[in-house]
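Novice: Sequence:
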Amino acid sequence: MLAYKELKKIFYEQSILSDIDSILQWDLSTFMPERSRKERSKQLCLLSELKHRLFSSERTQKMFQEAKNEKLSFKDAINFNEMLREYEYFTSFNSKFIEKKTKLISVCEGKWRDAKEKKNFNIVKNELTKLVDLIKEEGKILSEKFNCSVYDSLMKHYNYSFNSKEITKIFNDLEKFILKIYPRIKEKQKKECPFKQVPNLSEEMQFQISKFFMKKIGFKFQNGRIDKSLHPFCGGGTDDVRITTRLSKDNPFSSFEAVMHETGHGLYEQGLPVQWKNQPLGKSGDMVLHESQSLFVEMQIMKSKPFLKYFSQMLKDEFNISHEYSSDENLFKHFNRVKKSYIRVDADEVTYPLHIILRFELERKLFQNEFKVKDLPDIWNSNFEKIFGFKVDNDANGCLQDIHWYAGLFGYFPTYTLGAIISSQISWAIKNHIPKYDNLLEKGKFKFIVDWLRENIHSKGRLMLTKEIVKKATKEDVKLEFFKSYLKTKYLN
612 MLAYKELKKI FYEQSILSDI DSILQWDLST FMPERSRKER SKQLCLLSEL
662 KHRLFSSERT QKMFQEAKNE KLSFKDAINF NEMLREYEYF TSFNSKFIEK
712 KTKLISVCEG KWRDAKEKKN FNIVKNELTK LVDLIKEEGK ILSEKFNCSV
762 YDSLMKHYNY SFNSKEITKI FNDLEKFILK IYPRIKEKQK KECPFKQVPN
812 LSEEMQFQIS KFFMKKIGFK FQNGRIDKSL HPFCGGGTDD VRITTRLSKD
862 NPFSSFEAVM HETGHGLYEQ GLPVQWKNQP LGKSGDMVLH ESQSLFVEMQ
912 IMKSKPFLKY FSQMLKDEFN ISHEYSSDEN LFKHFNRVKK SYIRVDADEV
962 TYPLHIILRF ELERKLFQNE FKVKDLPDIW NSNFEKIFGF KVDNDANGCL
1012 QDIHWYAGLF GYFPTYTLGA IISSQISWAI KNHIPKYDNL LEKGKFKFIV
1062 DWLRENIHSK GRLMLTKEIV KKATKEDVKL EFFKSYLKTK YLN
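First residue of the sequence shown: 612, per this note's numbering; consecutive thereafter.
Among these hints, one or two may not hold up.
Said to hold, decoys possible - Straight-line Cα separation of at most 25 Å, BS3-like style, residue types lysine-lysine; simulated pairs:
1. K944 with K722
2. K1058 with K822
3. K1083 with K722
4. K751 with K920
5. K997 with K801
6. K1099 with K1086
7. K827 with K1058
8. K712 with K682
Just so you know, these hints were derived from the structure itself, not from any lab.
Small disclaimer: the values here were computed from a predicted structure and weren't measured.
All chains, please: the whole structure from these sequences, using the hints.
Specialist: This is how it looks when you write it as C-alpha cells:
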C-alpha cells in the first residue's frame, strides 16, 4: 500500500490548496477592495498551477500505476477510485489552459457585477464570449475522454448522477405538471384572505434573525460564519464554512430564505466524515445531493407550517416583533405565495423549477452551437416569455441575474431542481421514521432532523453515488412522484 499512502499525501496537499482557493474566492466576493482584483487573479492562478503540478507530475502518475495493483480495503478502494476520477479530470488540461480559464473567470465575474448593476449585458458580452469559447474547448476534451456530449461532460463536474437525456425526460414531465397545477393554485390562493406585507426591517435586524435561526437549526459558528455579498453562497474550506447573503429593504425576509438555503449546504459540510478529512472519500457528494440538503432546509423545513409557528413565536420572544404580519398564518402565506416572477432566487418552490428548465435548455442549446453568446439576451427573453407568459423588462432581471455563467459554472443549474426532487423524498422518509415530526418542529427541536441527515446522508461522504445514498436512506429510487405529491398536498389539498 506504499503507492496508495503516497497518493493520500498528495491528495491531502491538494485538499489544503483547494481550501486556500475557496477562502480567497470568498474574500473576493465579500471584503476584497475592487482594485485588488488583478492581484487576486494572480494568486488564484498560482494556486491552480500548484494543484495542476501535483497531479501532472511523473511521480503522481507512477503512484497511480502502482496503486492499481495494491490490495486495498473496501473504503480505501472507493477513496482510490475517487482519486482517479479527480486525477483524470484535472490532467485533461495543461497548466496554461487552467491559468487562462482562471483569469478569464476573474475578469468576467468582475464585468458581470458592473453589467448587472447597470442592467446592460453589452458590458460583459465580450468577456463571456471568450469564456464560453474556452469552456467549449474544455467540454470537447472531456467529451472525448468520457464518451458523451460536450454538455454532459460539463455537467459531470457537478452532477455524475443524471445525464442530459434523463434530465430532459424529468424536466419535460415536471414542466407539464407545473403549468397544469399553477392556475389551480393561483385560483385557490385568490380565494384566501390576502397576506399582509412584511414592513421594512433594518439590515442589521435581518442579519441577526438569520444568525439566530442558523444556530438554532444546528450550524456551528465555532467553524463557520456568515457575511454579506452581492450573491448568496456557501464556500470556505475544511472545518471553515463561509456563508454569505444579500440583504433587501424591499423584501426583508428574502435574506432569511437565502440564509436557510445556504445553511443546508453548511450543515452538510459540517457533517462530513471526519475520519476521511482532506481525502476524496471525505468530501461531499455531487452537487445534486448538496442542493437536496440546502433545499431540504429552505423548502421542507423553513417554509413548513410547523416551523413557521416556531419562527413566529421566536420573532416575538427574541426580537420583539409581534404584529399581524408576523403571525404564523400570515408568514405561511408570505413564504408560500405562488407567483411567476423574473428572479430565480426569489421564486416560490412551484415556479422555481421553470427557471431551472429555462436555463437548462439554454445551456444545452449554447453548447450545441444553436446560438451565439451575443444573442443571449434575445434568446433568454424569447424563451422566458414562452414559459412564463410575460416579457423581461431589463437584462438584470434576465440573463444577468445569476453569477453562474459568468463564473464558468455551466451545467450547474439542473442540480437545483434535481435536488428539490430528492429533498421532498428525504422529507417523506424522515416523516415516516419520526411520527412526531411536526410537533418537534413546532417546538424548535431540530436535532432529530440533523441527526437523521448526519446518519443517512452527510456521514456517507462519497462512499456511494447520489442515487445509491437516496435509495439506501429512503428505501426508494429517486422518483419525481414524491415532489409532485408534495406540491399537490401542500398547495391544493
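Novice: Next step is simple, just say for each hint if it's right about the structure.
Specialist: Each hint tested on the structure:
1. K944 with K722: violated, 38 Å
2. K1058 with K822: holds, 17 Å
3. K1083 with K722: violated, 45 Å
4. K751 with K920: Violated, at about 52 Å.
5. K997 with K801: holds, 24 Å
6. K1099 with K1086: Distance ~22 Å between K1099 and K1086 Cα, so the pair holds.
7. K827 with K1058: OK: K827 and K1058 at ~9 Å, within 25 Å.
8. K712 with K682: violated, 38 Å
In this structure, the earlier hints numbered 1, 3, 4, 8 are contradicted, and the remaining ones agree with it.
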